[in-house]
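A.B. asks: Take a look at the letters that make up each chain.
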Amino acid sequence: QVQLVESGGGVVQPGGSLRLSCGASGLILREHVMHWVRQAPGKGLEWVSAISHDDVNKYFSDSVKGRFAISKDPSQNTLYLEMTDLRSDDTALYFCAREVYSSGRCAVFDIWGQGTRVTVSS
Amino acid sequence: DIQMTQSPSTLSASVGDRVTFTCRASQTVDIWLAWYQQKPGKAPKLLVYKTSTLETGVPSRFSGSGSGTEFTLTISSLQPDDFATYYCQHYDKYPPAFGQGTKVEIK
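Chains as they are written, first to last, in my numbering: chain A, 3 to 124; chain B, 2 to 108.
I should point out that these hints are in silico values taken from the structure, not numbers from a laboratory. These figures come from a predicted structure and were not determined experimentally. Take every hint as true, because none was put in to throw you off.
Listed next, the stretches of chain B that the computed footprint assigns to chain A, with coverage defined by at least 3 CB atoms under 8 Å from CB atoms of chain A:
(1) 32–44
(2) 47–53
(3) 96–105
So these bits of chain A aren't anywhere near chain B, every CB distance computed over 12 Å:
(4) Gly10
(5) Gln15
(6) Pro16
(7) Ser19
(8) Ser23
(9) His34
(10) Asp56
(11) Ala71
(12) Gln78
(13) Thr80
(14) Tyr82
(15) Glu84
(16) Arg89
(17) Asp91
(18) Ser123
Cβ pair distances, simulated, as ranges:
(19) B/Gly17 / A/Arg119: 32 to 40 Å
(20) B/Asp18 / A/Ser77: 47 to 55 Å
(21) A/Val58 / B/Pro81: 40 to 48 Å
(22) A/Gln78 / B/Glu106: 36 to 44 Å
(23) A/Glu33 / B/Ser10: 34 to 42 Å
(24) B/Lys51 / A/Ser65: 25 to 33 Å
(25) B/Ser61 / A/Ser123: 44 to 52 Å
We put the CB at the ideal spot given by N, CA and C, even for glycine.
The task is simple: from the sequences and hints, build the whole structure.
C.D. replies: Okay, structure coming up:
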C-alpha cells in the first residue's frame, strides 16, 4: 500500500525553525518528483516547494524562497522541508505529495499524506 | 505567475442536482488543468487531470471541460458523498497554482 506520512509539525515562535519529514512506504522517493503543499486554517491550498527525482532541480514559491529548503534522504526514503525564519503566515497544515501526469514542465498530485500542522505564534 | 479564480465560492445544491462550477486562469494554461475534491480534515483527492481525464476510480458523473483560460467541472447527479470543497490547479509551468475553492453545500 502506497502511503506518505508527515511529521515534525508543532508550535514555534516567529523567527524560529522547524524541519518537516515525509516518510514514504510503497514507493521509492528517488524515482519521483515530490512536493510540499500547505493549507492555512480555513483557507485554500498553496503550493510550497518541489524537488526532482534526482534532487537536481528544486523549486520554491515566492513566499518561502530563501527561507525554506527541500531535500530527500534516499537511505530513509524520506522527504524533508527545512523551514527557517518562520512567520505567522506560515501557519498551516503541510502536506507532502507525489507528482504524476506531467505536462512536461509541471504536474498534478495523486498521493498525499495526511498533513502535519505548523503553528507560528508567540 | 498564473493566478486561478474559481466561482462560485459556495454552491448550495440537493442530491440529484446537476452542478457546474468554473475555474479561470489569468493566462492560458492550455489543457493543463486538474480538479481535486477535499473533505474536512482530509487530504485533497485528485479527480480530473488534463482538463477532462478522470483519475482511476472516479465516478463517471464527474466531467471536466475547457481549454486556455476557462474550465468547468460538472457533476451530473450530485450524490451525498460529493458534498465537499473542489479546487482547480493549473500545471502548465512552475509555480503550479490552485484556485481558492468551491464549497458544495447541502441545500
